[in-house]
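Participant: Could you build the full structure based on these sequences and the hints that come with them?
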Amino acid sequence: MEFDDIEKILTLVREHELAEFELERDGLKLKVKKAHAPSTTHMMAPPMTAVHFQPSAAALGLPAHPAPATESGEELELAVVKSPIVGTFYRSPEPGASSFVEIGQRVKKDQVLCIIEAMKLMNEITSEFDGEIVSAYVENGKPVQYGERLFAIRTS
Amino acid sequence: MEFDDIEKILTLVREHELAEFELERDGLKLKVKKAHAPSTTHMMAPPMTAVHFQPSAAALGLPAHPAPATESGEELELAVVKSPIVGTFYRSPEPGASSFVEIGQRVKKDQVLCIIEAMKLMNEITSEFDGEIVSAYVENGKPVQYGERLFAIRTS
Amino acid sequence: MFKKILIANRGEIALRVICACRELGIKTVAVYSEADENSLHVRFADEDVCIGPARSADSYLSVPAILSAAEITGADAIHPGYGFLSESAYLAEVCEACHIRFIGPAPNVIRLLGDKARARRAMKKAGLPILPGSDGPVDTEEKAQRISRELGFPVIIKAVAGGGGRGMRVIRAAGELSKALKTAQREAEAAFGVGDVYIEKYVENPRHIEFQILGDHHGAVVHLGERECSIQRRHQKLLEEGPSIAVTEKQRRRLGATVVDAARAVQYTNAGTFEFLLDDTGNFFFLEVNTRVQVEHPVTEWITGIDIVKEQIRVAAGERLSFKQGDVAFNGHAIECRVNAEDPVTFQPSPGVIHAFSVPGGPGVRVDTFAHSECTIPPYYDSMIAKIIVHGRDRQEAIARMRRTLEMTVIEGIKTSIPLHLKILKDPDFIAGRYTTSFMDRYLVEQKKTDDGRLAQAG
Amino acid sequence: MFKKILIANRGEIALRVICACRELGIKTVAVYSEADENSLHVRFADEDVCIGPARSADSYLSVPAILSAAEITGADAIHPGYGFLSESAYLAEVCEACHIRFIGPAPNVIRLLGDKARARRAMKKAGLPILPGSDGPVDTEEKAQRISRELGFPVIIKAVAGGGGRGMRVIRAAGELSKALKTAQREAEAAFGVGDVYIEKYVENPRHIEFQILGDHHGAVVHLGERECSIQRRHQKLLEEGPSIAVTEKQRRRLGATVVDAARAVQYTNAGTFEFLLDDTGNFFFLEVNTRVQVEHPVTEWITGIDIVKEQIRVAAGERLSFKQGDVAFNGHAIECRVNAEDPVTFQPSPGVIHAFSVPGGPGVRVDTFAHSECTIPPYYDSMIAKIIVHGRDRQEAIARMRRTLEMTVIEGIKTSIPLHLKILKDPDFIAGRYTTSFMDRYLVEQKKTDDGRLAQAG
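Chains as they are written, first to last, in the numbering used here: chain A, 1 to 156; chain B, 1001 to 1156; chain C, 2001 to 2459; chain D, 3001 to 3459.
For the record, the hints were derived by calculation from the structure and aren't laboratory data. Careful, some of the hints might be misleading.
[As the list claims (entries may be wrong)] Just so you have them, the derived chain A footprint on chain C, three or more residues with Cβ under 8 Å:
hint, stretch
1, 2042 to 2054
2, 2295 to 2306
[As the list claims (entries may be wrong)] With beta-carbon atoms standing in for the labels, derived distance ranges:
hint, chain 1, residue 1, chain 2, residue 2, range
3, D, L3422, C, K2003, 17 to 25 Å
4, D, R3121, B, K1108, 30 to 38 Å
5, C, A2057, D, V3345, 47 to 55 Å
6, D, P3379, C, L2422, 31 to 39 Å
[Unchecked claim] In silico lysine to aspartate or glutamate, DMTMM-like type, Cα no more than 25 Å apart, as pairs:
hint, chain 1, residue 1, chain 2, residue 2
7, D, K3004, C, E2397
8, B, K1082, D, E3037
9, D, K3003, C, D2427
Even glycine gets a Cβ: it sits at the ideal position worked out from N, Cα and C.
Facilitator: Listed below in structure tokens is the structure:
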């Protein structure tokens, strides 16, 4: 952490009208507390702000798995289905057949979403939720890693 | 972290009107706490600032030169005479003779304070100021490094 | 030659294999658990695949995950390193079925030598000196008592599928046998899934000597001399050196030739290590074969100038060994210290973040490590964070060099075994070469006494 | 043997000497300028003395400061490293007067060989092949014209007190001589305080070959073979290797023996390097002697297994060399890359803070450096921050090893010459060993063209 970074953080603290800010990281701890805002009558309580600090994996040139998609401010929630194994992703039970699921389609819990082939075995990946498929992240026939995102489901 | 950095941080603390600031890093901990500004209108007194600074040089087992002595809150200033060369320190012109200067003694600019022997040569170290000797840091006959403190003089 | 090798391992040995692949112009695939996402082996491989969560059983020990990673990246060979799946005949078999080359011996050879009782019989047949003992597994107390009486106490019970001291019990009197047999069987069952044990004559205070071999698929087998690994704590090696001060040139030549013959007898290919006990009258007894590259292979690389990992890859690809027995010359002396992330007194693991990491240079120093400043040592895996290997013209120079290297090594943020290594390197018996596998036991007791003495004085 | 050695240097060579002293059980004193207070050589020495401000002239080049530091710490010897005062006959003399051993040749030998014109005469007399040229300094244009005509153009003017390319001028025609002579004299005067120059026949596109020698105070002198240092930019070596691909076994033996005789003729003691030019018809010409340890000494240490710095200390203490000429065997091939803190294209120095520093392990890699994560490279001194030296069974393995080592080296925060080294190591002419001292000139021109081409395409 350089001096510049501290300066930027303090600017952010002001812009966001934070009362307190704490950052802890390997070998580094930064804590900031603002002087109490004057207790005038026109209560201008500072808005709550949550700071998510993304670690430096990308900066180090190291691969980072994307964080799960979140959409705040909406009444609904997105569930992200991740691959539980390494293998090859297939959207349909066999070549030429139609896909297990399409975007916009409603799915039930335990419904098959796709197949991942590993060591010649076809592993069916099922939904953990009732909901609607809103995103499909992987193309048919492409390799997937452990933990890689497959689908986003809007649960209901 | 250098002294300059601390100065910059304190400036920031003031500019951003922080109540507290904490920074912790390998071998370093910096904590700043501002005195609470009373919410009166006439407050003119500058807020007290306490700085706790734990330097990292010692923690790393590295030598650190002591910072020059300063005494704030007084009208007078201390000048520290440092050794301009490596060698052996002598308080008197020859064994048995009396010291060039004693603590409490007043000295004039260019007056000889001590001798440092280097390569069999006796190098006279003179005062750059008029003033009073308040400290002598090195014992007679001891080695001194470049930049090592020899005397403190209260200038006038 | 291979186009792309998947390295089914982590840490320094994964980096070691990457070094060898790069020198041979072969692409590499790193696999990693979620805990190792930022590890250097991921950074320096050409491709990388996350194969599972931190727990080894679900990542580095998962044959399906590793095979799938090889398939989706199109790797044509797998290097298993040491530990994890390196001695898995199953992985070797699956590789064979998938037409991916396993860089190691054939599955049946791994299986034969992995069964310690069968290996014992095969090596006896091939002419290696073995300890008197049971011909196969011993299941009943009655049988155990009879065999032990024949051998004479002390005897040792060992797990057939064993390794690393688990399922082992030394018995000094007939009365201890019943309980020890049951405990050993239970431990073996728990550790290896197979409860079978066998009984051998127990050698008091032996030295641990091992011979490094390399074999190709054209019938050539050579040995690269021995390493001495007697400095152990609970069967975990702490410091290895080569050549051994206890092995004469004549013994080296003769036992080396016997080992080569034995390896040929089982059609051994790739790298392997034949472990022996050496008793105080100069007799060697075969212990087991490790069918993989060893942690301490750099000791042999220093004194022979042969890159063992590159040879492993070459012979797995079907090439001939690049040298003959007559080309192998031993030059100087090498010592390896395994730097572990642990308290040097209590041996408690000390995972965490390394804040400063620096190792000195100068002649004759090699450091194989995945550690660096600001790296995290996860708590899930082996505590070894670095291997420091030195070479000198003779043992004395090597010891002095290791001392100054350890003294000038900076590792801040976690505790390491370096202070313990420095104590060993200053021990007069170690310096004189007077030591056996019991060296550390005695030493740790002495250390405890000293500490107690200090405490008493202080209190 | 010495009890305490003061190291009158900084950076990696100061650490290198500390390593040697620790292996010999000798205490060390580091000296440092205010800019180097936190440097590793200060940390690892037993004692340390601040000798002055950042400017070299007031610290590392100050004989009184260094001698005083030796006196106040009670050091009984001074190791000067390379650069700074390492070839100062004055320091050697003052040491003698103060009864502190200077670890290097006798003052009169340093003085003789430091005067390039006198050295030339002495070495000619001692039987070394020298380039035809003036017998002593050339002061007038008339004399310069006469000698040049006799030699035939091209000729080269060199500073008598010279080194590092300063005060040097190549003249290809009589018309250029007058101006070149004056410029060279002026440069020599400015750089060395002595304006004297001499004239030699100029060899086009030579190779730079140097022989390492060691001599003791009992009349023994041995040579440790040659290094090739033709990869230079403006007379600054960038990459060195040994043995040279251009030197035959017979040449090595013959020239080595002549060098040893010449060193004996001037009663040479301690470490030294005899530099030669090798022309395209296989003729060697003596250039100069460096009367100190060289930056590139690790190349020779790798291929001979001899610790040159330890031998320097031993012979300075009056011991006999620990080996004879017959014991010196050459083993494999070594390459050194000097990693500089500079832009690899513009060569602008790049001092600053290194945020990440990591170098790979594996067999055959040595890294001599004072750098580490979060260290500061001050702008006041040489830009070399690390020497990476590799060893392989042959040149091909060494080149592959150096490539993967540089590729896996992480230095963040400053620019380094590593990308340039990687280009050299991939150059077909370098790989084939077809290169001379003009290699970098040609290469830098080619690089510029490529860059221009890219810019043109982009524009």
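Participant: Determine for every hint whether it applies to the structure shown.
Facilitator: Right, here's what the structure says about each hint:
Using a Cβ-Cβ cut-off of 8 Å, 8 residues of the stretch 2042 to 2054 of chain C lie near chain A, which meets the minimum of three, so the contact claim holds. For the stretch 2295 to 2306 of chain C, the assignment as covered by chain A is violated, since 0 residues bring a beta-carbon within under 8 Å of that chain's beta-carbons and 3 are needed. For the hinted restraint 17 to 25 Å between L3422 of chain D and K2003 of chain C, the CB-CB distance of approximately 22 Å keeps it satisfied. The hinted window of 30 to 38 Å between R3121 of chain D and K1108 of chain B is violated, with their beta carbons roughly 59 Å apart.
Between A2057 of chain C and V3345 of chain D the beta carbon distance is about 50 Å. The supplied range of 47 to 55 Å therefore holds. In this structure the supplied range 31 to 39 Å holds for P3379 of chain D paired with L2422 of chain C, their Cβ-Cβ distance being about 37 Å. Under the criterion of a C-alpha separation no larger than 25 Å, the hint pairing K3004 of chain D with E2397 of chain C is consistent with the structure, at around 20 Å. Distance hint between K1082 of chain B and E3037 of chain D is fulfilled; the C-alpha atoms sit about 17 Å from each other, no more than 25 Å.
A C-alpha spacing of about 23 Å is found between K3003 of chain D and D2427 of chain C, which places the hinted pair at or below 25 Å, so the restraint holds.
Violation of the numbered hints given earlier is confined to hints 2 and 4; the remaining hints are satisfied by the structure.
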